[in-house]
Amino acid sequence: MTTTTSGTAKVTLPADNQILITREFNAPARLVWQAYTTPDLIKRWWSGERGTVTSAEVDLRVGGKWRYVMVANGGFEVSFRGEYREITPAERLVNTEIFEGLPEPDEHASLITTTFTEKDGRTFIEMLCEYQDRTDRDAVITSGMEDGMQESLDALEKVAVTLA
Amino acid sequence: MARAATTTDAFNAVAEPRRRQILDLLAAGELPVGDLVERLGLAQPQVSKHLRVLREVDLVHVREEGRQRMYRLNAGPLKPIHDWLAKYEQSWNQRFDLMDDVLDELRQAEERDDNDD
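Chain order of the listed sequences is A and B. Numbering follows our numbering, with no gaps: position 140 of the first sequence is 128. Start counting at 1 in the second sequence, then tack on 134, and there's your number in our numbering.
Derived from the structure by calculation, the hints contain no laboratory data. Treat the hints with care, as some may be off.
Claimed, not checked - Rough simulated footprint, nothing fancy, chain B against chain A, three-plus residues with beta-carbon under 8 Å:
#	stretch
1	55 to 64
2	70 to 78
3	82 to 95
4	116 to 130
Claimed, not checked - If the Cβ cut is set under 10 Å, some of the chain A residues that face chain B in the computed set are:
#	residue
5	I7
6	A23
7	A44
8	T111
9	I113
Only a predicted model underlies this, so the values are computations on that prediction, with no experimental measurement involved. Where is the CB? At the ideal position from N, CA and C, for every residue including glycine.
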């Protein structure tokens, strides 16, 4: 089957401390939910082209914990964890997210609200990521730049200058 | 003003939602300041203040036409921001494109199950 959704993710910055990621999938919401919350399926997409997921733990209940670990192409480990706050299967998921690579990871916890809206067998997802402040938000965006390290450093420097 | 130093760069200039709105309006074409005031529903001094910030970071250019001041977008200074976000967006595209493959398989498995019934 032809996939017409490739490369259509959109990233916008609705507020200083937010990132909004949107994407449509050519599948019903129950399957998108399944791919989004099932460990063996998460392992197949979560690292993108940046590495290999070595562990995905999901305790899908309110108050339950999750933790994903990947080995990046550079050989280093990257891990995230968090807790589920709200679960409405195939409709809405609210969870915290903590990047374990930071010195005081808990102080930089973010809140991710993902909504799944099905229409005509297709599903539109919106991931609203709310960070503690703009500095945390900008650091996340900058960390997404693995290609062109120099560009990344230039952008970081630019952000650092504006925050000075 | 103590805050002046924080608005001298395109990154900060577009952090303000109203200024992003002005840039969106100007993206469609040059506008006189009166039109901007009307479309934004703000008082003229507020709009002028935002336009001043955008001019300082070279995101808008202005010219006089009769008694009108005409503003237009100069997108050049947005490029570093665009590039910065594009890389992040690309990382999500790579993830979601892989998720498309997973979803194709799940859908096909469902269809097979339906046929088996």
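Going through the hints against the structure:
1. Taking a C-beta to C-beta cut-off of 8 Å, the stretch 55 to 64 of chain A contributes 0 residues in contact with chain B, too few for the three needed, and the coverage statement is violated.
2. Given as covered by chain B, the stretch 70 to 78 of chain A fails the check, having 0 residues with a CB less than 8 Å from a CB of that chain where 3 are the minimum.
3. Coverage of the stretch 82 to 95 of chain A by chain B is violated in this model, with 0 residues showing a Cβ closer than 8 Å to a Cβ of that chain against a need of three.
4. Proximity of the stretch 116 to 130 of chain A to chain B, defined as three or more residues with a beta carbon under 8 Å from a beta carbon of that chain, is established by the 4 residues found.
5. Because the beta carbon of A/I7 sits about 8 Å from the nearest beta carbon in chain B, less than 10 Å, this interface hint is met.
6. With a cut of 10 Å, the hint placing A/A23 at the interface with chain B holds, because the nearest CB-to-CB distance is about 5 Å.
7. Violation of the interface hint for A/A44 is found here, the shortest Cβ-Cβ separation to chain B being roughly 13 Å, above the 10 Å cut-off.
8. Given the 10 Å rule on beta carbons, the hint for A/T111 holds: about 9 Å separates it from the nearest Cβ of chain B.
9. Using the Cβ-Cβ criterion of 10 Å, the hint placing A/I113 at the interface with chain B is satisfied: the shortest such distance is roughly 9 Å.
Hint violations for this structure: numbers 1, 2, 3 and 7, all remaining hints satisfied.
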